[in-house]
Every structure is written in structure tokens, then in C-alpha cells.
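**Student:** Mind docking chain B on chain A? Use the hints.
As a plain string of letters, each chain reads:
There are 2 protein chains.
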Amino acid sequence: MALIVQKYGGASLATPEKMLFVTERIIKEKKKGNSIVVVVSAPGDTTDELIDFAYKLSKNPDEREMDMLLSTGEQKSIALISMALIDKGYKAKSFTGAQVGILTDKTHTKARIIKIKGINKIKEALKQGYIVVVAGFQGITEEEDITTLGRGGSDLTAVALAQALKADTCEFLKDVKGVFTANPGIVKDARKIDVLSYDEMMELASDGAEVLQNRSVEYAKNYNVKLHVRGTFTEEEGTIITKEEDIMEKVVVSGITYNKKEAKISLLEVPDKPGVAAFIFKKIADAGINVDMIIQNISQKGTTDLSFTILRKDIKKIEGVLGEIRKKLQFKKYLIDDKIGKVSVVGVGMKTHIGIASKMFKALADKKINIEMISTSEIKISVVVREEKVEQAVNAVHKAFNLGQKALSVEK
Amino acid sequence: MALIVQKYGGASLATPEKMLFVTERIIKEKKKGNSIVVVVSAPGDTTDELIDFAYKLSKNPDEREMDMLLSTGEQKSIALISMALIDKGYKAKSFTGAQVGILTDKTHTKARIIKIKGINKIKEALKQGYIVVVAGFQGITEEEDITTLGRGGSDLTAVALAQALKADTCEFLKDVKGVFTANPGIVKDARKIDVLSYDEMMELASDGAEVLQNRSVEYAKNYNVKLHVRGTFTEEEGTIITKEEDIMEKVVVSGITYNKKEAKISLLEVPDKPGVAAFIFKKIADAGINVDMIIQNISQKGTTDLSFTILRKDIKKIEGVLGEIRKKLQFKKYLIDDKIGKVSVVGVGMKTHIGIASKMFKALADKKINIEMISTSEIKISVVVREEKVEQAVNAVHKAFNLGQKALSVEK
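Line by line, the protein sequences give chains A and B.
Each step along the first sequence adds one to the number in my numbering, with nothing skipped, and position 276 is 259.
Each step along the second sequence adds one to the number in my numbering, with nothing skipped, and position 167 is 150.
Possibly wrong hints are sitting among the right ones.
Copies of one chain are not kept apart here, so a pair can be met inside one copy or by any two copies together.
Derived pair list, reagent style DSS-like, types lysine-lysine, alpha-carbon separation capped at 27 Å [to be verified]:
| # | residue 1 | residue 2 |
| --- | --- | --- |
| 1 | Lys296 | Lys42 |
| 2 | Lys104 | Lys89 |
| 3 | Lys39 | Lys74 |
| 4 | Lys104 | Lys93 |
| 5 | Lys209 | Lys100 |
| 6 | Lys74 | Lys42 |
| 7 | Lys106 | Lys71 |
| 8 | Lys100 | Lys89 |
| 9 | Lys42 | Lys13 |
Honestly, the hints are just simulated from the structure, not real lab data.
Everything numeric in this text was worked out from a predicted model, so none of it was measured.
Next up, chain A with everything else stripped away, as it sits in the complex (with noise of 0.2 Å):
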């Protein structure tokens, strides 16, 4: 018998036919004589809808009152999906955050969990015989004023309910059945992957691929707490997520991820001396504007161009900072380029193979698509395109990787 963590989205929990479809996908994994914990999160479009509410009230509203209009979106679902559990049957009891003691700091609308203090009132309820159904997203301070844990914030509970109940598995169920090597939508033969480190899930999260809030990541990575990325619609296996070590065979590449979201700037003729670029991206990160690749060309005649790429929704906030920063720096001028794209090539296997950035560059050359920038890290290479070339650049690379169906099937 194993103790298996199910967390469902807000896309699953919609409409009452969505739930009741949720609640027999439960009862599924019930049947096999597992226990089960359940963490959802708010219905459908509720959050959004209570935050426009809000808005309606107030240009600026208070944090802590916030945090205690949205919890209640992953209350309506923790009661919903219980009820829905115990008219056909089974022993269910919702909880909300701050039933079971999910201690986070004070940070509202974004509070860090602390720890799990009525993990007891768990245990006890399963050892009962109950399927508890928790509220995901949500915590409690020592204080008891109701936190929320940032968006994607249902997928930490879940992580952490499973660390600290010690949970075989920590399945997402989804609309999709588990992580592909590419967007199925762009690239036709994208295969589901299997097995993923963590380290590789969040290099392909952080761009297009959002299966899993980051965070949620990393907390079961600290923790070792293995994650299942799984179809809401189907039984398959999806895509397991686990720590390096323990994935017997390592591919080389495991995916290949794209974003459209960024916006590309150059600062042309920039001063070349000691602790400019320190004094440029201290200022971006006061105005709260996050900062992703960056490149410095070689210096000429004593300036240089630093380029970099930003979130396309802060191109009117950098505006406002560059200007600033030009009144103290004096660099000629800045180009904004909001027609890029990036894609991303991701593997664990990178660490040990050489060759990957020129096969990747290769890939994208023969069928002349330009590369306008490039970053890499241990397990990732990602590069800048003409935003038009985006969905090309993604196919060329995978088929350059051999990740399709067909690729794999030829290789058994």
C-alpha cells in the first residue's frame, strides 16, 4: 500500500462535470488500496475573478486582506471535491491551510512555508481511513493571519505535504499526459519523456514548458521527493522526476524549450570600465525588472554594447531606467527588439558530452536561421532567433537530437 500525493489544477476543477471527473480519477487510486492525499487549487478562473473584484475596490489592495480573499478559491475546492467523494462512498474530510498548520513566514501573497505543523491531524485522518483533501497555495502565520504562496503555489503544498508525510509519489495530474521534448503543438513527433532530473525540469519550465511551478521544483530536489507528472485523463505513466542519480540511462538531450515572451536590449557604445555593468543591472533589479541572458561584446576604443533580454510586459518600466541610467553613464543609445524568440536546448547529459552547442548551432545554419544571441549554463544552451524562426529553430533542433517517436523507435 503506498501513500500517494495527487495534486489537480484549477483547469480540472472548472465546472461541476470537471469535478466529478476529478473525484473518479481519486477514487481510481483509492481502489488500488493506496492512501491518498489530494491538494487542489481554486476552481477554474476563480482567482482571477477575485482578484478583479478586488481591483474593483482598490487600486492597491492590502496584502493580507488579499491573501484572505484568495483562499478562498482552494476552499470552495477542498469542500467541493470531498463532498463529491462522500456521496459516492468514500470517507473524505477537506482541510484547509491553516487546518493543517502550513506555517509560512509573514510575506503575503507570497509567504515561504516553514513547516507542516498539523501533519498529525494527516496522518491520523488517513490512518482512519480517510482521503483528506487539502487546500493547496495557502498557509498560516505563527500570528494565524492566512498566507498565500505565489502563483503555481498549490504545486509547493503538494511537494511539501509529500516531504513531510513521507509520500511514495507526488503526482501533478494534468491536461497533458507528462513532459514532452517539445511543445506536441509545434513539433509533431514531441515525445513524452520518460524520466527527468530535477535540474532538467526547471531548465525546461523556466521557459515555455510550465508544467511545474520552479519552486516547487527545487523543494523536491532539496528534499528528494519524487515528482509524477501524469494525464488527469489517462492511467499511463507520464514523466517521472527524480534526482540524477537515480536515472539509470542519462540522454544526452532530454528536451528542447522556446519561449516568445522576451524582448531583446542592446545599449550601444557603453563606457568600458570597471563596475559599469555592476551599476546597469543594480538598477534594472531596484525597478524589479528580471534580467535573462546577458552578452558584452569585446570593448572598442574604450566602450563597448552590452545586450540582454527582459520580459516583453517590463519594456515600458526599462524605458524609464535606461533613461536614468544614460544620464549618468552617457552611452550613445539603447535598441529595444521585441520580435526575438529563444530556444533552448536541455540535458544532464550535456555535463559530459562535448559537442552539443556546435550540433545545436549546426541544426540552425543549415536551415539559415540566424543566431543573434547565445547563453549557456551546465545543462542548457540557449540561443536568440528572429521570432518567426522560432517554431523552425525548434524542429531542426530536435530532429538534429533524434527526440522524436520515430527517432526512438528506429533506435529499439
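**Tutor:** Below, chain B alone, put in the same frame as chain A:
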């Protein structure tokens, strides 16, 4: 500086605009230098919508989970009202029933308040200058399960808090300006009542004028909490409800009330022997049917006729019960009449004045309105008439007792 508990119902909180209006109303009271505790219901139709959703998942929703679900409605209201108050520059803080420790028994969906454990949390916040916003309708058991107090339970929360805080007054802000001598919709010159005793309020509320939940008035009576029913849209004084001894000038009749929700059941030729009535009404009570008025005629030839009124919604249910009773008792037949109306005269002065009943009967007789049943209590006389005569009857009695505005101005 006074300490005031203000309770706002769901209709006042149905939209962001209405919530902003309520916010301004609270601020007006705060600006007078008073300490304010606000108790709110769920916004608009939220509770009914949640119930509808629940019934899509279960024909017979588990009551613990129902309470978990319904309590989210009030939690939304407290968060939204608090953020609106903060937005206007006031210190405000919301609390759920659990957070202020409104301890109840375990009777889910209609729990009774045992005590308020966290009252010091509210006192502390008030001392720090906060407007405290508390979720009505909800409590928590010793085991930390969420409970609700039944329909109208937010009124009870307000009264219980007012008692525990020793508040100067407990205000109920309504669409109407107070309690009226009769429904202004049918009696043109109905007048707002300045002061009522708890008993009068209960008798008035038990019929048409559902201004306050009766359990709350009873609670207020037991603990001597002064209530004030007043308009949300005016700053005029409304109706004060207080103990009889504090009412300086006791009027004979305070108001006329009516309802058209009941049906008259008549059992003909029931064997007249000891224990028969007990048997019949035990059976009816066991079926969960509330009986209001009961009349038994004089016995003739060893049988008697028995009439009583029940709510029309219970007609279907009582037919089954009467079938059963008949098997045992062999009465001749039963009649169901759902075209009746009940008109009542309420007033503490009745206790010491004679002739109230005859004055009422004469007013009806003058209008040729036939009286079908009569029942009297210490401070109330009720008659059953044809449903279509109710408006005429209320007006006639209202006039007979000189309750109108004109009458008042003449008296002065």
C-alpha cells in the same frame, strides 16, 4: 467614544459599488470617534450559488463539507470590505470566525455558539485603532472544524460579539429605515417604530417582517444587548430594540404583521379521547413539519374537528403523514386549504389592556372579513382570513389602532 457593532447583510454587499457604499457608511461612523466592529454576510447571492454548485456534486451534501464551502462567502466579504477601508486610508483588519474563535457545538449547518475564545484579538485590534471586520455566520468547533450558524446566522454573530465586547449598541443596517407598524408596501401611512421590546420584535419577525433572525433577538434578550435596526442609506435613527422595562411609554399595539405562507389543515371527525392530539402532533413533528396555530372544536358524538396551520411548502410532506395517522385513528377525512392568510396584532401593552381582541375583531367585521381561526399569546393576537382579504384586513386593523403617521401627528 462608543463601541459599535455594525452588521451588513448580503444584499448591501452584492456588487463592488455597493461594497464601496458600505465602506463609506462605516467610515462615517468611525469619523465620529467611535470604535467599530463590522460583521458581514456573504455578498449577494453567493450562498445560494454555492449551495447550487454543491447539489450538482451530491444529492445530499455532507454537512461538514457544506460548512467548509459556505463559510467562504463571508470570508470574501471581510477581505473585500477591509481592503476598501484600507484603500480609503483607514486601518482595518478582517477575521474569520475561526480566527476570533467563535466556538460552537458540532451541529454542522446550524451550530450554536458556546463562547467567543478570541475576543481579546478583537479588543487588541480596536485598541490599536483598527476597524475590525468579522465574518458572520461561521464558527469553529473544539476540533477546529468550520461550522455555520444557520440562515440569518450573521445576525447572531453580531449580537454575540456585541455581548462579548460589551458594545454600546449592535446596529443592523438594512434597505429599510427600521421596523414599521405594518408593511409600507400595503399600508400607505405605516410608521417607523421608535422602540420595541425583544418579545415584540420576535413576534413581529416570526411572520412577515423578517428584519432580524429570531434566534439573535432571543440571544440579545438573554444578554440584554441593545439592538438598533436602521437604514444603510440614511443617518436617521431607526428602531431600537431593548428590554421592556427600559421602554418608557408602552404602546398598546406596536404593529400589525401578516403572512401568506401557511395552509390550513382540517381533520374531520377525529375520535375524541385522551392522547389523540399528542399522537397526531408527535407524528407531524417527527416528520420535521412545523405547526403554527392549532384549534380544536367542541366535541360532538364522541368525535371532534381539529384544525392547524403549517407552511405551504410542507403540504406534500404532510399528506403522507396524515395517511399514516389515518390508518391508526380512522378520522373521517382531511381538508387542505392553501388560500389563507394570517394577520396578527403585536404589542406588549396587551398584557395590561383589555379589549384589544374585540377591537381587532370589530375592525374586521366592519369590513365584512370572516375570521376562520383565532389564536392568542401574551402579546399577540392572530387570526386566519381568506388570502385575498389580507391587505384589507391589515389596513383595517392598522387604522383601528391608530398606528398611522397621521394618527400620530394628531395625537401629539
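**Student:** Checking an output row: Lys296 and Lys42, CA cutoff 27 Å. Within, between, both or neither?
**Tutor:** The answer is within: 19 Å in one copy meets 27 Å, while 47 Å across copies does not.
**Student:** Checking an output row: Lys74 and Lys42, CA cutoff 27 Å. Within, between, both or neither?
**Tutor:** Answer is between; shortest inter-copy Cα gap is 16 Å, intra-copy 44 Å.
**Student:** Taking 27 Å as the upper bound on the Cα-Cα distance, should Lys100 and Lys89 be classified as within, between, both, or neither?
**Tutor:** Both: 16 Å inside a chain and 24 Å across chains, each within 27 Å.
**Student:** Checking an output row: Lys209 and Lys100, CA cutoff 27 Å. Within, between, both or neither?
**Tutor:** within (22 Å within a copy, 42 Å between copies)
**Student:** Please work out whether the CA atoms of Lys39 and Lys74 approach to 27 Å or closer within one copy, between two copies, in both situations, or in neither?
**Tutor:** between (41 Å within a copy, 19 Å between copies)
**Student:** Can you tell me if Lys42 and Lys13 fall within 27 Å by alpha carbon in one copy, between copies, both or neither?
**Tutor:** between (46 Å within a copy, 22 Å between copies)
**Student:** At most 27 Å between C-alpha atoms: does Lys104 with Lys93 qualify within a copy, between copies, both, or neither?
**Tutor:** both (25 Å within a copy, 25 Å between copies)
**Student:** I want to check one pair: Lys106 and Lys71. Are their C-alpha atoms no more than 27 Å apart within a copy, between two copies, both, or neither?
**Tutor:** within (23 Å within a copy, 45 Å between copies)
**Student:** Using 27 Å as the alpha-carbon threshold, which applies to Lys104 and Lys89: within, between, both, or neither?
**Tutor:** both (23 Å within a copy, 18 Å between copies)
Checked against the numbered hints above, the structure breaks none of them.
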